[in-house]
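Enquirer: The lines below spell out each chain.
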Amino acid sequence: MAQFAPLLRKDHQPVRYLVVDDSVFARKNLMKMIEMFGGEIAGEAGDGLTAIAEFNRTKPDVVLMDITMPQMEGIEAVERIVRQHPHARIVMVSSVGYQENILAALQKGAKHFVQKPVKPEVLYEILRYVLSDDPSAAGAPVGVPVALAGEPRS
Amino acid sequence: MTYLPEDRGAELRAFFFETAAEILQSLNEAGLDLEARPTDEEVLRRLRRAVHTLKGDSAACGFTSLSQFAHQLEDVLTPQVAHAQGARLAEVVLAAADAFEALLRALQNKSEPPALDKLLAIIRDIAGTVPAANTPSITQAAASHAFAWTEYEQLMIAEAEHRGEPVFNLALHVDTNSPMRAAAFQLIRNVLHSTGTVLALRPEDSVDSATITIVEAALASRLPEDKVVARCNIPSVVCEVRIERARAANSLEQELLADLLEAQQKAAQAEATPDSHTAATDLEQAGEPSPAVAAVTDASLRVDAGRIDSVMNLVGELIIGKSMLNRALADLEQRHARDPVRAKLADALAFQARVLDELHKCVLKIRMVPVEQLFRRFPRVVRDVAKQCGKDVALEIAGQNTDLDKSILDALAEPLMHLVRNAVDHGIEDADERIAAGKPARGTLYLKAYHQGTQVVIEVRDDGKGIDLPRVRARAIQNGLLKPEEAERLTEQEAISLIFSNGFSTAAEVTSVSGRGVGMDVVRNVLDRLKGTVNVTTQPGRGTTIQLRAPLTLASIQTLLFRVAGRLFAIPLSSVVEITRVTASDISRVDQREVLRLREQILSLVRLDHLTQIHAVEPQPAKRKNTSFVIVIGSADRRFGLVVDSMVGEEELVIKALPSEIISSDLVSGASILGDGTVVLILNVPAVLSRLSRTTPLGAIA
Numbered sequence: 001m002a003q004f005a006p007l008l009r010k011d012h013q014p015v016r017y018l019v020v021d022d023s024v025f026a027r028k029n030l031m032k033m034i035e036m037f038g039g040e041i042a043g044e045a046g047d048g049l050t051a052i053a054e055f056n057r058t059k060p061d062v063v064l065m066d067i068t069m070p071q072m073e074g075i076e077a078v079e080r081i082v083r084q085h086p087h088a089r090i091v092m093v094s095s096v097g098y099q100e101n102i103l104a105a106l107q108k109g110a111k112h113f114v115q116k117p118v119k120p121e122v123l124y125e126i127l128r129y130v131l132s133d134d135p136s137a138a139g140a141p142v143g144v145p146v147a148l149a150g151e152p153r154s
Numbered sequence: 001m002t003y004l005p006e007d008r009g010a011e012l013r014a015f016f017f018e019t020a021a022e023i024l025q026s027l028n029e030a031g032l033d034l035e036a037r038p039t040d041e042e043v044l045r046r047l048r049r050a051v052h053t054l055k056g057d058s059a060a061c062g063f064t065s066l067s068q069f070a071h072q073l074e075d076v077l078t079p080q081v082a083h084a085q086g087a088r089l090a091e092v093v094l095a096a097a098d099a100f101e102a103l104l105r106a107l108q109n110k111s112e113p114p115a116l117d118k119l120l121a122i123i124r125d126i127a128g129t130v131p132a133a134n135t136p137s138i139t140q141a142a143a144s145h146a147f148a149w150t151e152y153e154q155l156m157i158a159e160a161e162h163r164g165e166p167v168f169n170l171a172l173h174v175d176t177n178s179p180m181r182a183a184a185f186q187l188i189r190n191v192l193h194s195t196g197t198v199l200a201l202r203p204e205d206s207v208d209s210a211t212i213t214i215v216e217a218a219l220a221s222r223l224p225e226d227k228v229v230a231r232c233n234i235p236s237v238v239c240e241v242r243i244e245r246a247r248a249a250n251s252l253e254q255e256l257l258a259d260l261l262e263a264q265q266k267a268a269q270a271e272a273t274p275d276s277h278t279a280a281t282d283l284e285q286a287g288e289p290s291p292a293v294a295a296v297t298d299a300s301l302r303v304d305a306g307r308i309d310s311v312m313n314l315v316g317e318l319i320i321g322k323s324m325l326n327r328a329l330a331d332l333e334q335r336h337a338r339d340p341v342r343a344k345l346a347d348a349l350a351f352q353a354r355v356l357d358e359l360h361k362c363v364l365k366i367r368m369v370p371v372e373q374l375f376r377r378f379p380r381v382v383r384d385v386a387k388q389c390g391k392d393v394a395l396e397i398a399g400q401n402t403d404l405d406k407s408i409l410d411a412l413a414e415p416l417m418h419l420v421r422n423a424v425d426h427g428i429e430d431a432d433e434r435i436a437a438g439k440p441a442r443g444t445l446y447l448k449a450y451h452q453g454t455q456v457v458i459e460v461r462d463d464g465k466g467i468d469l470p471r472v473r474a475r476a477i478q479n480g481l482l483k484p485e486e487a488e489r490l491t492e493q494e495a496i497s498l499i500f501s502n503g504f505s506t507a508a509e510v511t512s513v514s515g516r517g518v519g520m521d522v523v524r525n526v527l528d529r530l531k532g533t534v535n536v537t538t539q540p541g542r543g544t545t546i547q548l549r550a551p552l553t554l555a556s557i558q559t560l561l562f563r564v565a566g567r568l569f570a571i572p573l574s575s576v577v578e579i580t581r582v583t584a585s586d587i588s589r590v591d592q593r594e595v596l597r598l599r600e601q602i603l604s605l606v607r608l609d610h611l612t613q614i615h616a617v618e619p620q621p622a623k624r625k626n627t628s629f630v631i632v633i634g635s636a637d638r639r640f641g642l643v644v645d646s647m648v649g650e651e652e653l654v655i656k657a658l659p660s661e662i663i664s665s666d667l668v669s670g671a672s673i674l675g676d677g678t679v680v681l682i683l684n685v686p687a688v689l690s691r692l693s694r695t696t697p698l699g700a701i702a
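These protein sequences, in sequence, are chains A and B.
In terms of the working numbering, the first sequence is residues 1 to 154.
In terms of the working numbering, the second sequence is residues 1 to 702.
Simulated from the structure, these hints should not be mistaken for laboratory data.
A couple of the hints might just be wrong.
[What the hints assert, rightly or not] SDA-like mimics (lysine to any residue), calculated; alpha carbons at most 20 Å apart, straight line: (1) K439/B / P470/B; (2) K116/A / D47/A; (3) K483/B / E459/B; (4) K227/B / D47/A; (5) K108/A / H193/B; (6) K108/A / D205/B; (7) K119/A / K227/B; (8) K227/B / K59/A.
[To be verified] Just a few of them, taken from the derived set where beta-carbon distance is under 8 Å, the chain A residues facing chain B: (9) F4; (10) V24; (11) F25; (12) M36; (13) V82; (14) Q84; (15) H85; (16) H87; (17) I102; (18) V118; (19) E125.
Source: prediction; values computed, not measured.
Just so you know, even glycine gets a beta-carbon here, dropped at the ideal spot from N, CA and C.
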């Protein structure tokens with residue numbers, strides 16, 4: 001598997017992720033990739049309601065959010081989180097068949113989307129892009145990879 | 001573009017010349033600012049807008065030479081050129097302003113336009129000095145991809161550019177591997193909206209987005225181009241980004257529309273602010289170069305001056321009508337003093353008089369304009385003259401909000417120009433001379449306007465060397481204006497007034513020695529015509545102050561009526577200091593002049609019948625009377641007493657202009673009609689005064 005330069009926050013701290021998926025396997029998979037990218041798991045949730053609670057508790061840098069979940073669908077969770085935290089970076093994770101839902105999530109304020117099965121290199125680029133957009137976190141211009149701004153992890 | 005039909009075209013062109021003058025003014029002002037701060041981007045923006053407006057307006061009128069010239073100039077008004085050229089750009093701008101003026105005049109008079117080749121060459125030369133940084137990418141991108149925005153979208157783009165927001169044309173190639181095109185399109189939209197203002201988008205919505213391969217957008221964003229590209233390079237959605245700076249405003253019509261749109265927005269903003277009125281005035285004062293549209297948005301009207309004049313005339317007739325009615329009422333009073341109808345009539349008349357008075361004031365106000373309109377051309381004049389003479393002169397302006405009648409303002413323009421030029425040219429010394437005299441090297445010229453009673457005072461003061469009075473006296477003797485012994489007797493004021501004499505000014509060497517003289521008779525003539533005064537005070541080595549006093553309005557004046565030798569005269573009440581009754585024994589003769597001792601002051605007396613050689617119409621000449629009245633008249637700092645036979649009263653007179661061929665004497669400045677139809681002549685106080693001071697004793701005239 002390809003080596004990834006760590007994605008770091010502006011303050012050179014690891015990026016903190018909230019992983020939301022009703023499938024434990026999917027979460028593990030994503031968390032493994034996050035680790036590869038030099039990130040840190042701030043929290044995880046198996047449904048929308050927990051996701052909102054976890055978001056408020058952990059204030060993650062990035063949320064990876066599944067579309068279809070019990071209790072509360074991803075879209076609604078996105079809407080609620082963005083309403084409270086307009087700058088929240090939420091990346092939708094979904095299978096191909098759910099284009100309508102992704103569209104809705106994007107309209108509600110999701111920052112990007114990635115298809116299942118998630119390819120690490122695709123997710124990496126998306127995360128890098130999402131992290132670069134906002135001066136409140138990653139800050140570095142997109143042209144210069146954020147990851148390269150920090151020291152390589154030993 | 002479509003041209004308007006001929007009559008509309010003529011109207012439009014007339015309007016264009018009017019607004020172009022204002023644009024030129026702001027161009028001059030901004031040019032001077034640029035000279036002071038050569039790299040100030042705000043100034044550059046102002047300049048660019050002024051030139052841009054001129055370009056658009058002139059093109060709309062079909063004046064291609066003008067619009068092309070403006071176009072060339074506009075291109076060099078960039079921060080890059082300003083940095084590369086420094087003060088030279090300001091020189092070019094000012095030279096261009098002059099060229100614009102010459103062009104405009106030529107267009108207006110349909111005469112031969114001036115040659116601009118030299119200036120254009122300089123401008124092209126300047127343009128060549130800019131490092132060509134951003135041009136290649138634009139042309140490249142433009143060649144590879146054609147954006148077809150609708151007219152409305154182009155308008156939006158032009159308007160954003162005009163606001164100073166860069167607009168980019170973007171072509172985003174959607175990653176064909178992405179199976180979710182609708183989502184991709186939505187994401188692109190999100191990103192575009194978070195990057196700037198989306199002015200145009202293709203496709204417009206996600207209806208047919210399933211097969212979409214390219215998203216085109218016009219985006220206004222203050223982000224640098226590379227950042228915009230980075231934002232649009234959305235991983236897994238966009239595989240290629242093409243970008244170019246939008247160049248929408250190709251059509252001049254669109255530029256005009258864009259200007260309009262901007263003005264509308266400004267108006268909306270002005271309305272949004274609670275203090276919309278001052279906002280509008282500030283805008284005007286700041287010399288914002290959108291006068292054409294400002295006129296629309298300020299809810300003000302441009303009206304032909306002739307129409308206001310005719311309203312003014314009618315009001316004047318009404319005032320005459322009022323005094324006719326009052327006379328009739330006075331007659332009625334004598335005959336039917338007890339009649340209750342008389343009281344009713346008097347009330348009605350008083351009411352009507354009050355309303356008429358208001359109406360009169362309102363109409364006068366229409367004609368009032370701030371003196372700023374006149375003052376604002378002087379920074380440029382002072383700069384140019386000072387530069388010609390190799391002097392350093394600062395100009396300080398005060399009271400530019402002082403209002404006065406437009407026609408008076410226009411009439412004062414010429415004399416004021418003379419005075420300012422003279423002050424810089426002759427009044428203020430060279431830097432070396434100033435330092436030797438212990439003064440700062442930089443001379444200062446003060447222009448000040450203020451109201452005093454019913455008059456407006458415009459003051460031109462310099463801190464130069466003052467008028468060399470002994471030289472003036474000597475020159476007057478040399479020119480045969482005075483005999484040496486007369487020159488001896490002249491007071492300082494009288495000596496100063498010599499510079500106003502006709503023919504005195506033509507002696508060039510006097511001008512260069514004594515400092516003043518050029519066109520001073522013109523100044524005096526204009527002020528006389530306006531029933532105003534000129535007052536000069538000078539202190540050797542300290543400077544000269546020239547005060548121009550003019551009535552606030554020409555249309556009507558408060559006067560004092562009196563009779564001399566049976567004839568009715570009026571003088572402006574504003575020049576009357578006091579009235580006193582004298583007997584023949586109070587008057588004594590000193591040095592062949594009649595004088596009156598009034599409260600320990602000696603007052604020269606004037607008899608109109610002597611001055612004018614009028615023939616008495618009364619069987620018994622007034623001279624036989626033992627008592628008469630003396631009207632003490634103050635004009636400028638001088639006073640004299642006018643001996644009159646009887647006083648008639650105060651009256652508001654509407655002045656009727658008399659053709660110069662009817663007035664045989666300069667002692668009369670106009671005429672008016674009283675309520676009973678009597679014609680009354682209005683005395684020209686300054687002329688009387690100048691006759692008094694200039695001439696030999698009175699006996700010689702009479």
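Enquirer: So, for every hint listed, does it hold in this structure?
Expert: Here is what the structure says about each hint:
1. Between K439/B and P470/B the CA atoms are separated by roughly 23 Å; this puts the pair beyond 20 Å, and the hint is violated.
2. Pair hint K116/A plus D47/A holds up; C-alpha atoms about 18 Å apart against a cutoff of 20 Å.
3. Between K483/B and E459/B the CA atoms are separated by roughly 32 Å; this puts the pair beyond 20 Å, and the hint is violated.
4. Under the criterion of a C-alpha separation no larger than 20 Å, the hint pairing K227/B with D47/A is inconsistent with the structure, at around 36 Å.
5. Between K108/A and H193/B, the direct Cα distance comes to roughly 14 Å. Compliance with the 20 Å bound is thereby established for this hinted pair.
6. The suggested pairing of K108/A with D205/B holds, with an alpha-carbon distance near 17 Å, which does not exceed 20 Å.
7. Restraint check: the Cα-Cα separation between K119/A and K227/B comes to about 26 Å, which exceeds 20 Å; the hinted pair is violated.
8. Taken as a hint, the K227/B and K59/A pair is broken in the structure, with Cα atoms around 27 Å apart against an allowance of 20 Å.
9. Because the smallest distance between the Cβ of F4/A and any Cβ of chain B comes to about 14 Å, over 8 Å, the interface hint for this residue is violated.
10. For the restraint placing V24/A at the interface with chain B, the shortest Cβ-Cβ distance is roughly 26 Å, beyond the 8 Å limit, so the hint is violated.
11. The beta carbon of F25/A is not positioned within 8 Å of any beta carbon in chain B (closest approach about 23 Å), and the interface hint is therefore violated.
12. The closest approach between the C-beta of M36/A and any C-beta of chain B is roughly 17 Å, which is over the 8 Å cut-off, so the hint fails.
13. A cut of 8 Å between beta carbons decides the hint on V82/A: the least distance to chain B is about 12 Å, and the hint is violated.
14. Proximity of Q84/A to chain B is violated relative to the hint, the smallest CB-CB distance being about 18 Å (cut-off 8 Å).
15. With a least beta-carbon distance of about 15 Å to chain B, the hint placing H85/A at the interface is violated under the 8 Å criterion.
16. Contact between H87/A and chain B, as hinted, is not supported at the beta carbon level, the nearest pair being about 11 Å apart and thus beyond 8 Å.
17. For the restraint placing I102/A at the interface with chain B, the shortest Cβ-Cβ distance is roughly 4 Å, inside the 8 Å limit, so the hint holds.
18. Interface restraint check for V118/A: the shortest CB-CB distance to chain B comes to about 11 Å, outside 8 Å, so the restraint is violated.
19. Hint status for E125/A relative to chain B: holds, with the closest Cβ pair at about 4 Å, below 8 Å.
Consistency with the previously given hints fails for numbers 1, 3, 4, 7, 8, 9, 10, 11, 12, 13, 14, 15, 16, 18, ordered from lowest to highest.
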